[in-house]
Amino acid sequence: MDAAEKISVEDEAVDKKIFKDCSKIAFYRRQKQRLSKKSTYRALLDSVTEGKESTRFQIINEAAKVPLLAEVYGIEGNIFRLKINEEAPLKPRYEVPDVLTSKPSTVRLISCSGDTGSLVLANGKGDLKCHITANPFKIDLVSEEEVVMSINSLGQLYFEQLQIPPKQSRATKENEEDTSDDTTQENQEELGLWEEKFRNFVDVKDNGPASIGLDFSLHGFEHVYGIPQHAESHQLKNTSDGDAYRLYNLDVYGYKIHDKMGIYGSVPYLLAHKLGRTLGIFWLNASETLVEINTEPAVKYALTQMGPVAAKEKGRSQTDVHWMSESGIIDVFLLTGPTPSDVFKQYSYLTGTQAMPPLFSLGYHQCRWNYKDEHDVKAVDAGFDEHDIPYDVMWLDIEHTEGKRYFTWDKKRFPNPKRMQELLRSKKRKLVVISDPHIKIDPDYLVYAKAKEQGFFVRNHEGGDFEGVCWPGLSSYLDFTSPKVREWYSSLFAFSVYQGSTDILYIWNDMNEPSVFRGPELTMQKNAIHHGNWEHRELHNIYGFYQQMATAEGLIQRSKGKERPFVLTRSFFAGSQKYGAVWTGDNTAEWSYLKISIPMLLTLSVTGISFCGADVGGFIGNPEAELLVRWYQAGAYQPFFRGHATKNTKRREPWLFGEEHTRLIQEAIRERYALLPYWYSLFYSAHVASQPVMRPLWVEFPDELETFSVEDEYMLGSALLVHPVTEPKATVVDVFLPGSSEVWYDSKTFAHWEGACTVKIPVALDTIPVFQRGGSVVPIKTTIGRSTGCMTDSPYGLWVALSTKGSAVGEFYLDDGHSFQYLHQKQFLHRKFSFTSGVLINSCADKRGHYPSKCVVEQILVLGLKKHPSSVTSHSPDGKLDGFWITAQFLT
Amino acid sequence: MLLVLLLLPMCWAVEVKRPRGVSLTNHHFYDESKPFTCLDGSASVPFDQVNDDYCDCKDGSDEPGTAACPNGSFHCTNTGYKPLYISSRWVNDGVCDCCDGTDEYNSGIVCENTCKEKGRKERETLQQMAEVTREGFRLKKILIEDWKRAREEKQKKLTELQAGKKSLEDQVELLRTLKEEAEKPEKEAKDQHRKLWEEQLAASKAQREQELATSAFQELDDDMDGAVSVAELQTHPELDTDGDGALSEGEAQTLLGGDTQTDAASFSDRIWAAIRDKYRSEVLPTDLPSPSAPALTEPKEEQPLGPSQPAEEEDEEEEETEEEEGGEEGEDEDSQETPPPVVPPQTVSPTEEDKMPPYDEQTQAFINAAQEARNKFEEAERSLKDVEESIRNLEQEISFDFGPNGEFAYLYSQCYELTTNEYVYRLCPFKLVSQKPKLGGSPTSLGTWGSWAGPDHDKFSAMKYEQGTGCWQGPNRSTTVRLLCGKETVVTSTTEPSRCEYLMELMTPAACPEPPPEPPASGNRDEL
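Protein chains in written order, with the working numbering: chain F, 1395 to 2286; chain R, 470 to 997.
Check the hints yourself; a few may be wrong.
Unchecked claim - If you only want the chain F side, here are some residues facing chain R, beta carbon under 10 Å, derived: (1) T1689; (2) K1766; (3) E1768; (4) K1772; (5) R2064; (6) I2178; (7) T2186; (8) S2188.
Treat the hints as calculated values from the structure; they're not laboratory data.
All C-beta atoms in this analysis are idealised placements derived from N, C-alpha and C, irrespective of residue type, glycine included.
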């Protein structure tokens, strides 16, 4: 029996005792305790120097006396960057590398001194200003004379400067006066300065306390979003009554929902939205981070003297956001919008856009822990054809390897992986296999031996290789933060190195929080040592990001730079969108988890990660047929669409729940495949124009207050509104159709409604409530093949839904679906459709692109024509349409 | 309002002489001289709209040779192999579905015609299968005959047993009466014997008491005046009645029944009984017999030990609790070594005279006779039970559903094993399935016989074994055994398609269907 069986974290419902709440986090306690003793910072504005890129000045805390250095940068695209660091730290503090796509171009800020004791920095146009007040130190962000955000207005700036450890400092104490008053023994325990205990674990901190914190007041804002990943609502909740949102990547099997604990990934980026303005705060820090949110609504209810009658008191709403991190520096980007679309562009300017996925990866993925052997794979693959259900990718979990040694195959179960891949290839399907960051300690395992020899593993506090327990038993963990390790890891994916791999094999990175079964909070000790001698605590949240980066690079390299990679990762950080897809980890087969998948994915989507999904059916447990059907229906309209189940669940391939349910699942998956041209075009828009694929309603309707908190429905692009059924035995759903000037069409019945109303939609088990927005054109495929590859040449259709004014626009993007030629050789087609005054025009949206296609548009559906057309004709500028003939059919 | 437009290049129209994708049987529906009527009759279209890559018919029948209809069927002739219908959506999708390659005529890929090769292989397989089926079916007929005979024999045996059972029952009744008759004198003699003994015992006890009283009187009568006075009694302070540790004059007088003294006779009659428990002999403190006389130890009869069962369990629980609380004091009461302090020491062990004397010859003879009657009766009763058991088993086997003709009966008392990398699987048909680690360890039940589990039209193609060992946090293990036609009886595979739900395949001649009357001709046949 192997070690993993014995360890087995599976089936333990999440035991919250394993994980910390805020009260168990020492830097949180320290900041809370010390901030209550108000000692404010003051900016020394006479110290201002204007460098080429930034404006610098000192800020000083009256108690600490040692000044900090603040730098303000103006960045292209209406972004400000504020950095605060020690002027001369004992040793350098960690600044997160590799997240910003390139060094952001700075724009010169013009300083116009305000009153004495203040400094104003303005952008070129002068419509955006940073107003810096010296005492107490505060920065106001002013846009068109309106203060939209204040920094440190609550005085929560906190900065623990690096100190000499007490043992050494005692030696020098005679000469110097010890300024710190709280290093007494009993305080040490409480404050966790040099040592922090949790359960059986002791975190020895060689660098001592180094935490930082800062507050941001958002004026007039009541709605904030972002900072994934939490199993929580889309709109962030007030944290004043409970725990702060925690950003600390952890492997939480069957995580609890509606909880603010950290799960697999972290994006320290928050968006705020109000009528007329969207803002972003990107806190670039990879250490453990906590975010407190305090929202004061505009309307306050107060008791009047007349008795217990609530009286409205009009005030100015405000949201205070307090960021705290265990380590590193304060490095924060202020994204000033003003529109949601602008903020998306600003954020992707910094961290990159969504990678353009290969087309197959937008199809349906079939996964299970585990498909046992080649025979099993063959049978499941055949099952899809037998039941005529399209699918694109077969997945293999950890059991495909020889004892969880990644890059190997279990020779008994998978004696001929290439033959198996040839079978999949013959149907134009792909294979994804898992590759985790832990490497089994086994000198005979080549990957281990090489990495060991070259010192590629994370080291422990004592200097040896870090060893922890994971699936294979005792393992070491590759140090992906090192460029050399990444380069080497990438090389392992070369076809000549990875035995049994072919060009239809893609990769899945799991357990990369990293998950360490017997470690504190099931992860790595914070004092483990990485490349450059950095402690794990400095970069914990970015570990998984680096693995996906190296994997994606490996897949690109094996094709000599020609083919787009596909890599799914469980752990992620800001910028992970550049490398592939993300999923929401080990969810549970319950209705509540289906429901929470929507806000969880919306949150990922607005923080740059468009290619995201949740395991269809729920990873843990056995879904009843109705739940499974509803989950397939919801998943078909979510970006990453994969069915997955844990080891001890019953088999749940789509045809195992009776004919009727098989048909319903088949239907849902076919709807996905019909809409693939639209999905692909949306991903192109995410890739080049930074617009999320799955959008919360407030993004599309930023001027409609009612949309700001909606999370049971969403927009797919700007054309489709999706309201998945997430309740058992539902017979009707309340669908909110936004926009007073909008008209909406039911995508199946073509019934239509005016916007700005909630309609009761009757639902049967085969209903997926999807509505097309008037004014849009959606490209579709009219016939569905067995995989995306089999549909390359199948004809297109256009769904034209007219607006109240009788017009519609839409876009369509097409390329070869797999290579980088769209980028390097401009081999793509980007078309624009517009319908006005009864004429549908198909024009070129990007003249740089060329791509030959045999495809035809065989069907055009026009919804919302006021009159029966008397005739239909077609024209082409070059007259080549001779060969077309037209029939028209009118339905009323 | 819905408007459907169709834009199509003319060059796509396919020349139709023999419509592509139409089977031979359906060919006559596609007459190019007439408009085409959809096979479901839903519409009629000009014939040039057949296979024009646009779907006109609801049932897809106007596009048998293109992928235009979502629900159409494409027919491959597959000359040399079997004809096949595929979903018309798979036409020209770049995947060769028909072995003759006719489904990919315009996708740019070239499909090799593999029909001949597939046909050859298929024929070989079919021939092998047919051979197996023939031989298997031959064996099956033998199995059926065997079972017919075996069943008759068993039936015969059953009848015999049933007849035998009747006389056995009579014999049991007879022996029971004899036994009861023999037990009557036995009981009387034993009772008499016991009564005598008990009387003896009582007499000797009374005599002992008398002796004790006399000796106490003598001890108390310090002045040897033949009477015990108040003062003399007061020399024994242990007789204190009010608990102050001394025997006052008044107390002593009360003990003497209000008199100032007492003579030997009335001491022994009246006073001794009141003071005997407290009285301490001046000579030998241990001489006193226990007030609670030693338990009568009887030679034969068994005495139930300790209190009733539930009480005992409670005791145990209490003990455990006490032990958990940390003391070793809570020892079992039966094993207490020191008696309570007030009670005088009682070391009197059962003496010879406490034991019941052996039965006299007469009584012993009665007992022996009764015992013999009991033995005979019990023996007869056992034989009856054995016969009943055999009858039950036979009845069960005879009435068991062994398939339409009892062809599966031969599996009834057999077991078959399959060894895989890790486990040895064992199937005992109609009984159980188990799994045992190859490298030792105890077997795990994968289920006990449940029922035939094939589909309604083919019930005997599968067996279901249920309620095996429970899985950790999961269901009880169960196994479905699929029965396949084979010449031999052998377990060919075991898998676990879903957690704790096993699938086993058993080859058996009993599963062989009747082969077609004539063996297939081995001549050239294009279509199989």
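Exercise for the section: Quick one: which hint numbers does this structure break? Sort them smallest to largest. Expected result: 1, 3 and 4
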